[in-house]
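A.B. asks: Here are the chains, one letter per residue:
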Amino acid sequence: MTTPRMAETAGRTGPPEEIKAVPVRHPGRWLAAAVVLLLVAMLVHTLVTNPRFQWDIIGTYFLSSRVLDGLELTILLTVVAMAIGIVLGVILAVMRLSANPLLSSASWAYIWLFRGTPVLVQLLFWFNLAFLYPRISLGVPFGPSFLQANANDLITALAAAILGLGLNEGAYMAEVVRAGILSVEHGQAEAAQALGMSRTLTLRRIILPQAMRVIIPPTGNETISMLKTSSLASVITVTELLYAVQLIYSVNFQTIPLLIVASIWYLIATSVLTAGQFYIERYYARGSARQLPPTPWQRLRRYLFTFHAPPPAPPAQLPPGERR
Amino acid sequence: MITPTGTTPPDPGASGPPMVLAEGLHKSFGRLQVLRGIDLEVARQEVMCIIGASGSGKSTLLRCINHLEKINAGRLWVDGELVGYRQQGGKLYELREREICAQRAEIGMVFQQFNLFPHMTALENVIEAPIRVKGMSKARATELAGQLLDRAGLKDKADAYPKQLSGGQQQRVAIARALAMQPKLMLFDEPTSALDPELVGDVLAVMRDLATSGMTMIVVTHEIGFAREVGDTLVFMDEGVVVEAGRPREVLSNPRHARTRAFLSKVL
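Taken in order, these protein sequences are the chains called A and B.
FYI, the numbering for the first sequence is 1 to 324, going by our numbering.
FYI, the numbering for the second sequence is 1 to 268, going by our numbering.
It should be emphasised that the hints constitute simulated quantities derived from the structure, not laboratory data.
Heads up, the beta-carbon is just placed ideally off N, CA and C, and yes, glycines get one too.
There could be a bad hint or two in this list.
[To be verified] Estimated spans, in silico, between C-beta atoms of each pair:
(1) A:283 / B:37: 22 to 32 Å
(2) A:183 / B:36: 29 to 39 Å
(3) A:146 / B:164: 14 to 24 Å
(4) B:163 / A:301: 23 to 33 Å
(5) A:28 / B:167: 42 to 52 Å
[Said to hold, decoys possible] Computed footprint of chain B on chain A; a stretch qualifies when at least three of its residues, placed anywhere within it, have a C-beta under 8 Å from a C-beta of chain B:
(6) 114 to 122
(7) 187 to 197
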């Protein structure tokens with residue numbers, strides 16, 4: 001009864017008048033911004049005026065071949081150790097969820113051991129393996145051996161670093177993968193089984209692809225963490241980025257400038273990885289999120305145009321059929 | 001525990017053994033007895049509807065039939081084959097995973113919550129098992145899936161992801177997915193219970209069409225109308241036993257047991 005009349009009234013007044021009001025002032029915000037700007041100014045001032053930063057020396061060594069070789073080794077360590085960690089993590093996670101109590105306890109014990117001891121201790125342990133096993137042989141368990149090698153020749157500093165970092169990472173990745181697998185609804189496995197799919201096929205085709213969305217973000221985190229943790233290999237004489245600059249400043253005593261060189265390279269590498277992680281996450285969010293988060297560029301553009309308030313996410317709606 | 005008895009599989013008659021035969025099925029979860037001696041026979045091309053209050057064991061019975069649950073006692077045959085076990089020389093042997101998968105591949109199941117694979121399109125959902133389990137060629141599977149989706153009224157939704165479909169459409173994709181394995185028996189576990197009322201009709205229409213085509217079906221449902229019109233047999237379960245079974249119209253209009261009467265007075 002009343003609805004049609006209300007509609008009529010609305011029709012008569014035409015489009016509603018837009019509200020024009022004086023916005024609320026935020027003095028606290030301006031004060032905070034002033035404090036931050038002051039601190040930034042002080043930082044820039046000291047960076048520029050304190051001669052002991054020795055920017056000329058930083059410039060000299062920044063692209064020197066010894067530093068770049070160290071950076072290369074750091075990246076190699078990160079990539080190989082993460083690859084070992086991911087493969088091992090998937091195997092351990094599947095073992096941990098296995099119906100076989102021996103397999104699941106073995107996985108539990110592995111994670112317990114490698115997560116429970118500092119990675120630095122593990123690195124030193126692998127580096128000094130020759131004290132425990134002077135000779136390493138390959139053969140039948142408790143039987144004859146075909147290949148024998150001196151542990152000191154086989155386990156070089158680099159091999160020890162890769163083993164230490166990779167095996168340690170496996171324990172962490174196992175938990176990440178396990179969380180991903182557990183996040184997939186039980187009905188999914190049941191539906192696959194009802195179709196006659198085996199457990200392995202179900203895991204490979206149904207469970208893991210869905211678990212990826214949960215697995216990817218922490219894996220990115222782990223990779224960034226690994227990049228920095230690899231600096232621990234300097235302790236066992238692997239000339240990665242940190243040890244490379246340590247070798248230089250132990251001769252010329254320019255400690256601070258060379259540590260800054262290493263820090264800048266670490267920052268550049270982690271920035272690249274962070275950007276990569278952002279876009280991979282965004283990719284896997286397709287199909288599950290109605291709206292994708294804005295890219296940093298979109299966000300920056302928004303901030304430039306509206307200074308005082310963080311804007312709502314722009315409608316980056318996907319056209320139907322573009323999800324996965 | 002299941003122990004071997006003198007029971008032999010039913011004699012294959014002229015039309016073969018019954019599609020499903022259950023004798024004295026028991027199933028318990030810990031100390032909770034869910035099935036307490038179920039005897040059941042489903043003939044070929046029969047549509048059996050099972051009704052009963054929640055917790056009466058209907059869904060568990062269905063899940064036992066394709067071995068998603070292991071029975072604790074009794075015997076269960078599908079198409080003359082013991083489900084989950086092999087009997088040799090008076091001894092029962094558990095089947096290997098591969099053999100269980102082969103048995104399940106011939107039994108389609110439709111779930112209350114659809115359980116479509118969300119990372120695959122409707123078409124990919126339907127062709128996945130025929131290709132990976134039956135080894136069907138992709139072209140053949142896609143052709144078959146096209147026919148099945150068409151029959152379910154979803155011809156233009158083949159490339160949609162489950163999240164982009166309504167509940168009724170998802171359930172019809174789930175039915176097509178089960179049918180793509182060309183099963184000899186279809187199990188429906190409350191297929192319309194999670195649907196908005198206006199979407200129930202489309203799903204029931206697809207099931208009715210399937211029943212007309214001669215598929216053997218066991219349907220756990222609360223849709224009394226569907227049971228009356230499409231079902232050949234109506235089974236009323238309560239507290240883990242079959243209380244009453246018979247022609248739907250007879251059971252519904254003239255229930256013999258007090259428990260059936262009490263249940264029907266609540267739902268009709």
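A.B. asks: Does each hint fit the structure? Answer for all of them.
C.D. replies: Taking the hints in turn, this is what the structure says about them:
1. The hint said 22 to 32 Å for the Cβ distance between residue 283 (chain A) and residue 37 (chain B), and at roughly 54 Å that hint is violated.
2. With their beta carbons about 36 Å apart, residue 183 (chain A) and residue 36 (chain B) fall inside the hinted range of 29 to 39 Å.
3. For residue 146 (chain A) and residue 164 (chain B), the hinted distance range of 14 to 24 Å is not satisfied, since their beta carbons lie about 58 Å from each other.
4. Distance hint for residue 163 (chain B) and residue 301 (chain A): a CB-CB separation of about 30 Å, consistent with the stated range 23 to 33 Å.
5. Roughly 49 Å separates the CB atoms of residue 28 (chain A) and residue 167 (chain B), a value that falls within the hinted 42 to 52 Å.
6. Coverage of a stretch by a chain is defined here by at least three residues with a beta carbon nearer than 8 Å to that chain's beta carbons; for the region 114 to 122 of chain A and chain B the count is 0, and the condition is violated.
7. Interface restraint, the region 187 to 197 of chain A with chain B: holds (10 residues with C-beta to C-beta distance below 8 Å; minimum three).
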